[in-house]
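**Student:** Start from the sequences, fold in the hints, and give me the full structure.
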Amino acid sequence: MTKRQFFLLFMVPTFGCLFLFAFYPLGTAIYYSLHDWDMRSSAPMSFVGLGNFVEMFQDPRFLNALKVSGQFLALTVLGSLALAFLVAPLVHETAKGWRRHLAIFVFILPAVLPRIGAAYMWRLMYDPSLGIINYLLSLVGLGPYIFLQNPRNALPSIAVIDIWQWGFLLTALVVILLDEVPKEVIEAARLDGASALSLYTRIMYPLVLPLSLPLVFIKMMESLRSFDFIFVLTAGGPGIATETLDMYAYWQGMGSSGRISYASAMSLFMVVMSIVLVTFLWKALRRWHE
Amino acid sequence: MRKVLLAAIVALTGSALAQTVTIDVLAQPREEWTLMERYIPEFEEAYGVKVNLTYLAENERRSRSRLDASSGAGQFDVYYIDDANVAEFGANGWLVPLHEFYPEEFEVEGFSPALVGLLSYEGVAYGAPFMTEGDLMFYRKDLLEERGLDVPTTLDEYLEVVKALHDPPRQYGTATRGLRGSGMNVWRFSPYLKMFGGSFFDEDGAPVFNSPEAVRAVEYYIELIKHSPSPTMSWSDAMDAFAAGRVGIVTFANLKMDTLFNPDSSVVVDRMGYALPPAGPAGQISTLSAHGLGLSAVADMTPEEREAAANFIGWFTSQTSELRKVEGGQGLTNARTATFESQAFADAYPAEYGEAMRGMLQIQELTIAQIPQWNEIGDYLGIKLEELFTAAYANQPYDIQAALDDAVAFANRALGR
Numbered sequence: 389m390t391k392r393q394f395f396l397l398f399m400v401p402t403f404g405c406l407f408l409f410a411f412y413p414l415g416t417a418i419y420y421s422l423h424d425w426d427m428r429s430s431a432p433m434s435f436v437g438l439g440n441f442v443e444m445f446q447d448p449r450f451l452n453a454l455k456v457s458g459q460f461l462a463l464t465v466l467g468s469l470a471l472a473f474l475v476a477p478l479v480h481e482t483a484k485g486w487r488r489h490l491a492i493f494v495f496i497l498p499a500v501l502p503r504i505g506a507a508y509m510w511r512l513m514y515d516p517s518l519g520i521i522n523y524l525l526s527l528v529g530l531g532p533y534i535f536l537q538n539p540r541n542a543l544p545s546i547a548v549i550d551i552w553q554w555g556f557l558l559t560a561l562v563v564i565l566l567d568e569v570p571k572e573v574i575e576a577a578r579l580d581g582a583s584a585l586s587l588y589t590r591i592m593y594p595l596v597l598p599l600s601l602p603l604v605f606i607k608m609m610e611s612l613r614s615f616d617f618i619f620v621l622t623a624g625g626p627g628i629a630t631e632t633l634d635m636y637a638y639w640q641g642m643g644s645s646g647r648i649s650y651a652s653a654m655s656l657f658m659v660v661m662s663i664v665l666v667t668f669l670w671k672a673l674r675r676w677h678e
Numbered sequence: 017m018r019k020v021l022l023a024a025i026v027a028l029t030g031s032a033l034a035q036t037v038t039i040d041v042l043a044q045p046r047e048e049w050t051l052m053e054r055y056i057p058e059f060e061e062a063y064g065v066k067v068n069l070t071y072l073a074e075n076e077r078r079s080r081s082r083l084d085a086s087s088g089a090g091q092f093d094v095y096y097i098d099d100a101n102v103a104e105f106g107a108n109g110w111l112v113p114l115h116e117f118y119p120e121e122f123e124v125e126g127f128s129p130a131l132v133g134l135l136s137y138e139g140v141a142y143g144a145p146f147m148t149e150g151d152l153m154f155y156r157k158d159l160l161e162e163r164g165l166d167v168p169t170t171l172d173e174y175l176e177v178v179k180a181l182h183d184p185p186r187q188y189g190t191a192t193r194g195l196r197g198s199g200m201n202v203w204r205f206s207p208y209l210k211m212f213g214g215s216f217f218d219e220d221g222a223p224v225f226n227s228p229e230a231v232r233a234v235e236y237y238i239e240l241i242k243h244s245p246s247p248t249m250s251w252s253d254a255m256d257a258f259a260a261g262r263v264g265i266v267t268f269a270n271l272k273m274d275t276l277f278n279p280d281s282s283v284v285v286d287r288m289g290y291a292l293p294p295a296g297p298a299g300q301i302s303t304l305s306a307h308g309l310g311l312s313a314v315a316d317m318t319p320e321e322r323e324a325a326a327n328f329i330g331w332f333t334s335q336t337s338e339l340r341k342v343e344g345g346q347g348l349t350n351a352r353t354a355t356f357e358s359q360a361f362a363d364a365y366p367a368e369y370g371e372a373m374r375g376m377l378q379i380q381e382l383t384i385a386q387i388p389q390w391n392e393i394g395d396y397l398g399i400k401l402e403e404l405f406t407a408a409y410a411n412q413p414y415d416i417q418a419a420l421d422d423a424v425a426f427a428n429r430a431l432g433r
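Just so you know, the sequences run in chain order Y and Z. Per our numbering, the first sequence starts with residue 389, numbered consecutively. Per our numbering, the second sequence starts with residue 17, numbered consecutively.
Just so you know, these hints were derived from the structure itself, not from any lab. These numbers come from a predicted model, not from an experiment. Don't take every hint at face value.
Restraint ranges, calculated between C-beta atoms of paired labels, are given here [what the hints assert, rightly or not]:
hint	chain 1	residue 1	chain 2	residue 2	range
1	Y	Glu481	Z	Gln412	39 to 45 Å
2	Y	Ile606	Z	Asn428	43 to 49 Å
3	Z	Ala418	Y	Met433	34 to 40 Å
4	Y	Glu481	Z	Lys179	52 to 58 Å
5	Z	Lys179	Y	Gly531	18 to 24 Å
To list a few chain Z residues with every Cβ distance to chain Y over 12 Å, as calculated [claimed, not checked]:
hint	residue
6	Thr36
7	Arg46
8	Thr50
9	Leu165
10	Ala257
11	Asp395
12	Ala419
If you want a taste of the chain Y side facing chain Z, the calculated C-beta under 10 Å gives, among others [claimed, not checked]:
hint	residue
13	Ser429
14	Ala506
15	Pro516
16	Leu518
17	Leu530
18	Pro532
19	Ser645
Quick reminder that beta carbons are idealized off the backbone N, C-alpha and C, glycines included.
**Tutor:** This is the structure in structure tokens:
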């Protein structure tokens, strides 16, 4: 096989799929976003320029969705990281040998569950009258608490599930990364009289954090497209308390209004926002690392 | 030799293709469709037609059929339509009028006229109805007797009974729909709006559901929500809670009550009473809804395909099919007057229930607005109602007037007023 054949064999299907499932839809989304296609009407669509984008920033529901997406992103990314960096040292210090393997295995389990399945499970657990969480709370004389049906609790309650799935996975990975820190470094620090706290904050975390950055970015992408998850748990409710950008775009485009053009504009905005956000953070973190 | 064989194969498949007429039907997964699927091979054989069914849940079914028709794709020959989206389809000319295609042998005049009227837009009928639903009150006889309570006939009495039977978390007074959506909480709320003297639109089509009457109706509905297991129940959540014996009294659609009559899915089979929904200050009203099948005006059909699609609609909504549904335990989802008056129907359901249901047919009214923008406006109002319900349930402050004013402003924008 020549190099050229090899190239074609592997690149043509890859780029073919990318074109078909990424670039082509992206192109049509750009096209639709500049028009006013409304599925409820059989009138031909006309060019409206940036009209959809202007409308977006005057639409309180869009601004709410932007806020909810931001809150969900911050809650789940920071929550997962906090959990990982708090629990990993405990495991690293106390569990050795098979106990550590068992801990890692258990930490990975929630992430292995399909997200839809996990969402249904938690929806039942959160249920005000049938759920196990309120049952357990009632044993110690608390509750019943309303989780998903309370506008103030709904988003944090969903974030908890996401952190449960991703935070423990990150914990397992950080435990493995902590193992990679050379023993000599740790012993030297201990000989110099470093406390456990400063050992971690000054030596272990700075060594491990850059290695875990790709995980943080993957988690961010995951948090930005949590449509399936939220759809099962609240479908954006109560009201619009958990309506993220992708959820709102769905309701506008497919769910009830049929405003494909407006939904396309919102989706494009989301793509651009994600790219800007990731690039900005990536650069900032690299500068900090150097 | 090879060439001859190839030609023979092409000729054979060509003629086979020409002989089999295939029709594509978009449907919604419902128990009576599962039942009727058993008989579809019979239809296919009798008419020489192959039927392809595609099932999508209610909201997805609406958006998929809209996409199929508006984009001109025309994948489906037969659409599943309902009273909430017939206006959109009629206004855009996506359906063939019912009387232009419904086969004579299946008797279009047998349908309840009210239901055909419901699947019409601007006086033209588009859908062949195969089911209707309306409201009935279902209550726990044992609980009412235990506490010496009478069966309520007014909304005030109803609320008193709800409160008297409320003992959470063991037992809830009622269970009512709070989940947002034009076909969800707004649908359930709509008869209350009318019974308190309010309406969605005035005679000129201006939205007026922020009137003092509407505010009172929402106040009342919030009381019901507060005595429910959750403020965002769907229809099936509410029914499951009642079937599980955790709820005292409910008013909801009679449709699919077959689940409550089934001892496998209900622990309250022998303890249920049925009555008409309670009356409000402005009268006693039950919702009226119909689902039906329509013939696509968008799909590119040959005359044979069009005939096959029309025959399928006729066969599916025929008297024979309706009686089969009664015998198969799905008798409540029918649309022909003769079916509800039949001996088979009388044999299949308790006399008390049949009486309540016949009474229901007398007080049924269309409670939503049949305009193309209804789904969008209803969905927005549904969000506002859900916000009120969940805030009230969590003892947080809420402002009914402000929420309704906001929804009315949205409706005005959607209507271009």
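**Student:** Each hint needs a verdict: does it hold in this structure or not?
**Tutor:** Results of checking the hints against the structure:
no.	hint	result
1	Y:Glu481 x Z:Gln412: 39 to 45 Å	holds, 44 Å
2	Y:Ile606 x Z:Asn428: 43 to 49 Å	holds, 45 Å
3	Z:Ala418 x Y:Met433: 34 to 40 Å	holds, 36 Å
4	Y:Glu481 x Z:Lys179: 52 to 58 Å	holds, 57 Å
5	Z:Lys179 x Y:Gly531: 18 to 24 Å	holds, 22 Å
6	Thr36	holds, 32 Å
7	Arg46	holds, 21 Å
8	Thr50	holds, 23 Å
9	Leu165	holds, 23 Å
10	Ala257	violated, 8 Å
11	Asp395	violated, 4 Å
12	Ala419	violated, 9 Å
13	Ser429	holds, 7 Å
14	Ala506	violated, 20 Å
15	Pro516	holds, 6 Å
16	Leu518	holds, 8 Å
17	Leu530	violated, 13 Å
18	Pro532	holds, 6 Å
19	Ser645	holds, 5 Å
Violated hints, in rising order: 10, 11, 12, 14 and 17; the structure is consistent with all others.
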